[in-house]
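Order-wise, the sequence lines are chains A, B and C. In terms of our numbering, the first sequence has 337 at position 152, counting the first letter as 1, and numbering is strictly consecutive. In terms of our numbering, the second sequence has 175 at position 163, counting the first letter as 1, and numbering is strictly consecutive. In terms of our numbering, the third sequence has 213 at position 205, counting the first letter as 1, and numbering is strictly consecutive.
Keep in mind that the hints were calculated from the coordinates and are not lab data. Quick caveat, the model's predicted, so the values are computed rather than measured. Honestly, I wouldn't trust all of these hints.
[Unchecked claim] Straight line, CA to CA, 30 Å or less: simulated BS3-like cross-link-like pairs of lysine-lysine: (1) A/K323 - B/K167; (2) C/K24 - C/K128; (3) A/K322 - B/K19; (4) A/K355 - B/K82; (5) A/K273 - A/K323; (6) C/K24 - C/K186; (7) A/K273 - A/K369; (8) A/K273 - C/K246; (9) A/K323 - A/K369; (10) B/K167 - C/K24; (11) A/K355 - B/K167; (12) C/K243 - B/K167; (13) C/K24 - C/K252.
[As the list claims (entries may be wrong)] Here chain B is said to cover these stretches of chain C; the calculated rule only asks that three of the stretch's residues, wherever they fall, bring their Cβ under 8 Å from a Cβ of chain B: (14) 145-159; (15) 177-189.
Ideal Cβ positions, reconstructed from N, Cα and C, are used throughout, including at glycine.
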Amino acid sequence: MSLQNLHNPDTTSSTTGPNATGNGPWLSARGLFCERDERVLFSELNFDFLPGDIVRIAGPNGAGKSSLMRILLGLSAGFEGELFWHGKPMVQQVYDFRSQLLYLGHQVGVKGNLTPEENLAWFSPAATQDDIYGALKKVGLSGYEDLLTHGLSAGQQRRVALARLFLEDKPVWILDEPFTAIDKEGVSELEQVVINHAQAGGLVILTTHHDLRVPVKTLMLGGQESEMPLC
Amino acid sequence: MLMALLKRDLLLAFRSRGDLLNPLMFFMMVASLFPLAVSPDPQFLGTIAAGVIWVGALLATLLSLDLMFKSDYEDGSLEQMLLMPQPAMLMVLVKVLVHWLVAGLPLAFIAPLLGLMLGLPNGGFMPLVLSLLLATPILSLLGAIGAGLTVGLRKGGMLMPLLILPLYIPVLIFASSSVQAGVQGSDYLGHMAFLGAYLALTLVVAPVAAAAALRISLAR
Amino acid sequence: MWTRLKRLYHKMGSPKWFYEITTRWSKWFMAVGSILMLTGVVWGLAFAPADYLQGNSFRIIYIHVPASLLSQSAYIMMAVAGLVGLVWNMKMSFVVGKVIAPIGASLAILSLLTGAIWGKPTWGTWWVWDARLTSMLILLFLYFGVIAIYNAIENDEMANKAAAVLSIVGSINIPVIKYSVEWWNTLHQSATITLTKKPTMAPEMFIPLMLTILGFYCWFAVWVFARTRNEILFKERKTNWVKKLLQNGHKKTTGAQL
């Protein structure tokens, strides 16, 4: 199976190793291979993610989207191949990579027993109260700052986590289904936030079933291999 | 980041203080089962008091270990913690510290009361409290390894005692015999020195092992 | 030198190579182990003099001592295998660790049973909280923990790694546990005879003991190899070399069905 199908509308990706110059790719992979339960999810996967990219990892259920994301994050060691951060092997760059990373997972890590303000104070210790109130206002949670989060709706709870996007100055965003449980209006606002981040020179990697209005690179996983019956 | 984590965890512990009382109540109940099961004779109870209180402390700690990582695992916070740039073992140390503050330290305060109820002779109180102060951090540290290994498992609660209790045995031996030594009026400094050394060893080994355990549990 | 080591490492990591080399080694270990055990047991049971204090009942040491020793070193081996697996990400090493756990546990049980049988004529009771028996009991508990974690975690890779962490922590703790149990025992000691602790052992008792110990080690290796090869066959059942092997029949692979 060939999974070298990185559709790339605006940049040309190199097929040689990633270069280490200042404006080179940020996050690169060479020859990634991953199998789960004796089923190959992807093999010979190569890519270069540049600053300004919005990358969508796509594919049918079970194609390995989450697996790839966890590999990129360094949470899963079950793969072969190499990852690079700014052209250097990731294993040596973990501290640097993680201090520039903002990750929002399937579960966003918001505590019901804390107020939105307290939740954010932990995620972004450097932020002042004004920063936090400002960020909460941007995600439409003004007036909810000091109520316990478990009283909020599912969408509002996710918005608490999304407020981190305004609070933390991290260049790399990895977002797993960020539009889940967000209403229509919120989705288009969030899209705009993602675009702004990329235009400001950040890198966004996301999975979503939602059709984005913006030009994105798509990293297609699975293809013909994963004809799983829907059940 | 670590200070913020400490603050957050203490706040969370305070918000759910009801959960924290459970192991303490369990501790008291276990200790009061012995007079009912064996004999209320104060003379006899005095001789087994040290052992009963320490076994109770081990079991109460086991009960509370589930609190250490479980809820953070379930809501995704643990993932966020492992993605902090700081080494995961520092995060584990913060977790252990909080667990000890809310689940280990209270045992040391309530133990003298149980000592009174079980007729512990006077000389035993000082070593009882000292040994609890010195050794409950060991229980939290070793417990973090078990909690880390079982955090993703549905039947983790049953598994934890199997993994951790054998490692608790040296603590049990030295701590309860320090109380015996105190009762007999002999010196218990050597026992404390051993517990201190064991604490130092676990302080080195356990955070590394627990961090590795968490990585394994979250790798799925 | 370095490249040779590296090549050896890659070979060791290859299940096929491991399968083939252990098939060859097993025969030798079986032969040597049988000779050692037979000589040791016959010598120990029939020819060694009776103990001046315990009479003939001491002769159980020819099983008890090797089982105890081996059960302890098996735990360390399991931990080392786990460490190698974790550090160098070597899958074969995890397989060896996994295979050792139940073998070590059964040796610990054997040691406890023979200890109890020996205790009856010596102390007049099946169980005494003797330091060595207690340590062995705790070692069995440590094995139980490792086996329980293999059973609880469904994902093989995760289970292997988790068990490796636990066995490493356990092996760091073994000296502490042994020390504390011995210390505890001297504190409460009332029995006058301790098992196996002879100031000097007559050579005609000692040499057969050494032979049985070595024999136990050989058979342990055979056992570990056989179980490892079974695991390899199962794990690699979809690869060509295993299919070929199975087609050629089991004739050539005697010893794998232990």
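Q) So which of those numbered hints doesn't the model satisfy? A) 1, 2, 5, 6, 7, 8, 10, 11
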